[in-house]
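S.K.: Since the structure of chain H is already known, use the hints to place chains L and E on it.
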Amino acid sequence: MTGVLDLNGLTVRLPGPDRPVLDDVSLSIAEGEALGLVGESGSGKSMTVRAIVRLLPAGAQVEGVVRVGGVEVGSLRGAALRELRAVVPVVFQDPRAHINPVRTIGDFLTEGLRTHRRLSRRSAEDRAVRLLDEVGVADGQRRLRQYPHELSGGLLQRVMIAAALLAEPRLLLADEPTTALDVTTQAEVMAAVDELRRERGLAMLFITHDLELAAAVCDRTAVMYAGRVMEVRASASLHEHPLHPYTAALAAARPSLERRADRLATIPGRPLSAFEAPDGCAFADRCAHIRERCREERPALRPLGDGQVACVRAEGLQVVFRD
Amino acid sequence: MAAYLARRAIMLAATLVVSSFVVFAGLSVAPGNPLATLAGGRSLPPDSVRVLVERYHLDEPFLVQYAMWLGNAVRGDLGVSIVLRQDVSDLIASRAGTTIALVLYAALIVLVAGVAFGLLAALRPGIVDSLVVISTAVVVAIPPFVAAIVLIGVFAVGLRWLPALGNGSGLWDGIRHLTLPAFALAASATASVARVTRTSVREQLDREHVQTAISRGIPYAAVVRRHALRNSAVPISTLAGMTVASMIALAAVVERAFGLNGLGAYLVSAVLSKDFAVVQGISLVLVASFVLVNTLVDVGAAALDPRIKLGRRS
Amino acid sequence: MTTTLATYRTPRLGPLGTAAATVIVAAVVLAAIGPALTSADPNASDFAHAYGAPEPGHALGYDGQGRDLLARLLTGARTSLLGPLWVVALSMAVGTVVAIAAAWLGGWLDSVVSAVLEVMFAFPGVLLAMLVAAVFGPGLTSAVLALAVAYVPYIARLVRSAALAERRKPYVQALEVQGAGAVAICVRHLVPNLMPLITAQATLFFGYAMVDLAIVSFFGLGVQPPDADWGVMVASGQSGVLQGYPAESLLAGGSIVLLVVAFNVLGERLSDGRRAPRPGWFPRRGGVS
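Residue numbers (my numbering), protein chains in the order written: chain H, 5 to 327; chain L, 1162 to 1475; chain E, 82 to 370.
It should be emphasised that the hints constitute simulated quantities derived from the structure, not laboratory data. All of these numbers come straight from a predicted model, not from anything done at the bench. Ideal Cβ positions, reconstructed from N, Cα and C, are used throughout, including at glycine. Any given hint could turn out to be false.
[To be verified] What the simulated footprint calls covered on chain H by chain L, stretch by stretch (three residues with Cβ under 8 angstroms from a Cβ of chain L suffice, anywhere in the stretch; the number is not a length): (1) 76-89; (2) 95-104; (3) 113-119.
Isolated chain H, as found in the complex:
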């Protein structure tokens, strides 16, 4: 069955280091489903988004298959690629940098509609004002005439979300949409995204480094480490009962409000990029439950319980992480 998005064995190599930045990534998103993609910086989350819309740096080599709505992205050229991009909008992390500073908000919002749908300025602006209202930006007519520097970060991110929704997409790619915002605005913007997505039955790939946030807004969550998927499962069970030692460590590293800890849990060592990863399990060097064979063979992503996990000791550790 083809979903809205299917990644199969996606491997991306950048010019330079021999090892790939994305290593055999396979994920799929069904119609209307939200998938969280969680990991530390350098784990390949953003690279996954870029590979889907083919925004990779020059010279990048791509293997594997990316399908959006059943259409293979890798073979698209020219107008066909632009048409795909038009309906798979990306909400970027830093709206201040990702919106052209010398053009008006109106120009930004209507650019896609006017290019792809050939709408008149007037009707494009009408739609934009309606959507601004939906994402919680009041006084849209005035906003259209304003420049990005006149808007706060939270407002600007709402504008970016409105621009994404204007394309009437079936799949939304959100690359840490709230990371660059203040804590208070983060929650508001996130709530808006969540609500709008559910209303429209929109599928979403949601990139974040925050396991709890992913659990809150996504149906399923995938955990990435060093360019590989470590675990994919229904968000609730992944958060409550992690199977992979890395997921468990991530969950433990987040200070909990309920339990008082004497000191914050940390994961020893530093996060690796895919090209630094050792031959066996990428997490081996930092794993508290390491065995000899973890270094020898690379664990494949295999079905377990209600999801998939890439750890040879997953069954045994299940009990350990319960406590």
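M.R.: Just chains L and E now, with coordinates in the frame of chain H:
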């Protein structure tokens, strides 16, 4: 915006007043008495001396002389040429057209060719880019009089495509006669505009907002035009404006080299023939235009970039 | 006090910078020993040889008045290098002193200096040189003085902002607390620390001065014929160009372009990105970029 414009207007007026004072004060700091300076060392009949004394109020205190002169200048009376015995204003008016046409022609070349070569280099890394970078590095250092000599040698004497000297008559002939001078005047500025365009467009193409535009499926040509080039408009137009302002003074060089009867060439010959009223008149007009164009460039940059907080720069 | 010393660094010239420096040194050497390289008199004209081709003893041939081109080119190198040297030395000295005084003393003096500089920007160097030639008579001295004055605001504005930044640094404030005199701090610490900036600007401005002086001489308002100077030679060779003998103009013009490129490249290498705008182009924007 209004406050900013008012501030710029006041600065402009102050600069114009002071520079006009400098132009006028030349008369009294020159060795010998002002009368001798105005006469350019010629011995004048008593009638003419009386006319000069009256016209320049030489029997009045210095500041009064200046005020009178400035008052006349503002009304368009810049005195009389001692050599040609004609009103300086009329002499300037009859030559200004050539200079204005020359500078506009050169400005057009600078903008069109400069932006085109810069874009070409920015969008075609590799051999095309290297060619543009190397050739502009050399051309940027070619002063207008050397460019004039080379263009005359190649296109007028060697290939005989275009005339080397004179103004020509009629529109088409006039344009033909202005073509080599305009290219000589524009050469160095074109190269620097090309370099700035290349750097700025490259920088913009690497920006995140360009990534956004590409990720939304906007055709690349439109991305370049609406985002990379539009965002480079401030540095490009600022530099282009600067070079156009500089051409107001440098036009004299190509006018001399190509025997055009423009303001600059006339200024040089007035200096050589010690026609002081003409020197003052043309200097005043040129300085005023230079300051005016530069103010327009500044205001234009403020209008093009919404982030320039009017009054102070980000 | 290590801050004072730490700011010195040997600039990396790179192959291009080294080539530029070599060109400049070669030009200076040729200008110094030049007349010894040829027995010909730069001012002796022999109309029988007008536009004559190169021949033994006259390696570059003759100009339109039958004067030896090599001798004129080498003699011309002297004025063409000494003129800009004076312009740069004068404008740097005045600009630096004015800028440091304004930056250090601040207050009304700084305001007055800034206002005066603002007005001085209104005069492109070449235009001021023409005005000065009209008032005091044409000649190299008038031209040098006029250009030096016209360059001062460009130097002064850049140095002033650099001096202001330096002044706020802790080591200067430490010296003040220790009771060091203002002049001593300026001379012993501020100026040495600004020296790399000033040297880079001086190099760049040498090239600008060379072009502007050549323009003034091209007008006949700078170096007076029959004295040899590259600007004069470009002008006097123009009639030759029209008759198909471009050697004089091209040699002189080519020498100017070569040296200007060299000074530009070297100045670019020496500067750390801070660069005063080209005089006669634009007053305000573009200083520290």
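S.K.: Indicate, hint by hint, whether the structure satisfies it.
M.R.: Hint-by-hint comparison with the structure:
As drawn, the stretch 76-89 of chain H meets chain L at 5 residues by the rule of a beta-carbon pair under 8 angstroms; at three or more, the given contact holds. Note: the stretch 95-104 of chain H has 6 residues with beta-carbon separation from chain L under 8 angstroms; the three-residue rule is met and the coverage holds. With a cut-off of 8 angstroms between beta carbons, the stretch 113-119 of chain H has 3 residues touching chain L; three or more are needed, and the interface restraint holds.
Hint check: no violations occur; every hint is consistent with the structure.
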